[in-house]
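There are 2 protein chains.
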Amino acid sequence: MDYYGSELSRLIDELSLLPGIGRKSAQRLAFHLIGLPEEKVEKLASTMVSARKNIRYCKECFTLTDKDICPICASKDRDHRTIMVVEDTRDLAAYEKTGKYNGVYHVLHGAISPMLGIGPGDIRLKELMRRLEKDVDEVIIATNNSLEGETTAMYISKLIKPTGIKCSRIASGVPVGGDLEYVDEVTLLRALEGRVEL
Amino acid sequence: MDYYGSELSRLIDELSLLPGIGRKSAQRLAFHLIGLPEEKVEKLASTMVSARKNIRYCKECFTLTDKDICPICASKDRDHRTIMVVEDTRDLAAYEKTGKYNGVYHVLHGAISPMLGIGPGDIRLKELMRRLEKDVDEVIIATNNSLEGETTAMYISKLIKPTGIKCSRIASGVPVGGDLEYVDEVTLLRALEGRVEL
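Line order of the protein sequences matches chains A and B.
Going letter by letter, the first sequence gives residues -19 to 178 in this note's numbering.
Going letter by letter, the second sequence gives residues -19 to 178 in this note's numbering.
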């Protein structure tokens, strides 16, 4: 690829290392960046560097944030007695987008996976148990609906049971707007098992 | 989106301004960047800034490069008497990837488009004509096979005719490996018109 000259090739090479960015997209991005005003490129570059530098885990819930305590844990308007346990910060963001959950979160940063050699000690479980020593009414387990997520949910519920704190799991079933025809069998069975009386 | 804290939100916002990067991809990229070692993020950032600073047009063929004269124009192994005219640097790259073209290029940076108000004076046409004052055997027009590309090809061929220099257009037809069934009618007709005797 030396027909671009080394600087441009290097930029394309580095961009194509990013996840979901292939050779073609990297090329397109590189050309776009070169066409931008110099100060815009500098701004993006410095945002990247400073975000990387300043973002850390919230000391309370372990979500990614640029403060010691994230805005959710710091808020007085949230119900600190209800903790939703999620696998990562993106899952937290997904629930925040609904705008209807008013409790706080706990981010595990992963799920238990014997296959990948990830045990209970590799995710933020100890930190969750420590939080339960304070006043907590309910733990809502919102790990993914995958083998790992389910395993993790089971494991957590067993840990919590002796404490007497209410422990729930988000419902599994047919997605809203989902056409039964296109829903997989396992989900259909789950939806049937979890049916609610009308 | 303030549940991420301002630094992370800002990074996601800026990344989602890039072409082909939606909100979700921007989120994924941001999380990826935050997970990288600090020096890798700094390297990517500085590559971006320095590429934007140092990349300019080749004084000969107007491709994007970080030198005054691009590696192709500077090469003694290339045939400088054959010039392929392309719309942009990516098209040049596409032909370079074939590894079979040994001439040089001329990058127009656009195509004539009355619809978008782009006239012959808005692309690097004058610069092409100036190059033809030196010894040139053939100009191969490789603008896109679109309305604008075709218009540009016609326009250039009319300008070149009086000079007596050979002027050709890359062939139009069914792509190699293309199934006739899925090829559009215009292409099929072009392939028919351009049939070659066996």
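Quick caveat, the hints were computed from the structure, so don't treat them as lab data.
Since we're looking at a predicted model, the values are computed, not measured.
Watch out, some of these pointers could steer you wrong.
Pairs count within a copy or across copies, as identical chains cannot be separated in the list.
[Claimed, not checked] As a list, the in silico EDC-like pairs of lysine to aspartate or glutamate whose alpha-carbon atoms are at most 20 Å apart:
1. Lys23 with Glu(-6)
2. Lys114 with Asp71
3. Lys47 with Glu18
4. Lys114 with Asp(-7)
5. Lys56 with Glu118
6. Lys33 with Glu22
7. Lys20 with Glu76
8. Lys33 with Glu76
9. Lys106 with Glu118
10. Lys77 with Glu67
11. Lys77 with Asp(-7)
12. Lys20 with Asp115
13. Lys23 with Glu130
14. Lys33 with Glu67
15. Lys39 with Asp71
16. Lys56 with Asp159
Hint-by-hint comparison with the structure:
| no. | hint | in the structure |
| --- | --- | --- |
| 1 | Lys23 with Glu(-6) | both (18 Å within a copy, 9 Å between copies) |
| 2 | Lys114 with Asp71 | neither (24 Å within a copy, 63 Å between copies) |
| 3 | Lys47 with Glu18 | between (30 Å within a copy, 18 Å between copies) |
| 4 | Lys114 with Asp(-7) | neither (50 Å within a copy, 36 Å between copies) |
| 5 | Lys56 with Glu118 | within (18 Å within a copy, 75 Å between copies) |
| 6 | Lys33 with Glu22 | both (16 Å within a copy, 10 Å between copies) |
| 7 | Lys20 with Glu76 | neither (30 Å within a copy, 31 Å between copies) |
| 8 | Lys33 with Glu76 | neither (25 Å within a copy, 40 Å between copies) |
| 9 | Lys106 with Glu118 | within (17 Å within a copy, 74 Å between copies) |
| 10 | Lys77 with Glu67 | within (16 Å within a copy, 43 Å between copies) |
| 11 | Lys77 with Asp(-7) | between (35 Å within a copy, 16 Å between copies) |
| 12 | Lys20 with Asp115 | neither (48 Å within a copy, 42 Å between copies) |
| 13 | Lys23 with Glu130 | neither (42 Å within a copy, 39 Å between copies) |
| 14 | Lys33 with Glu67 | neither (23 Å within a copy, 41 Å between copies) |
| 15 | Lys39 with Asp71 | within (18 Å within a copy, 51 Å between copies) |
| 16 | Lys56 with Asp159 | neither (41 Å within a copy, 64 Å between copies) |
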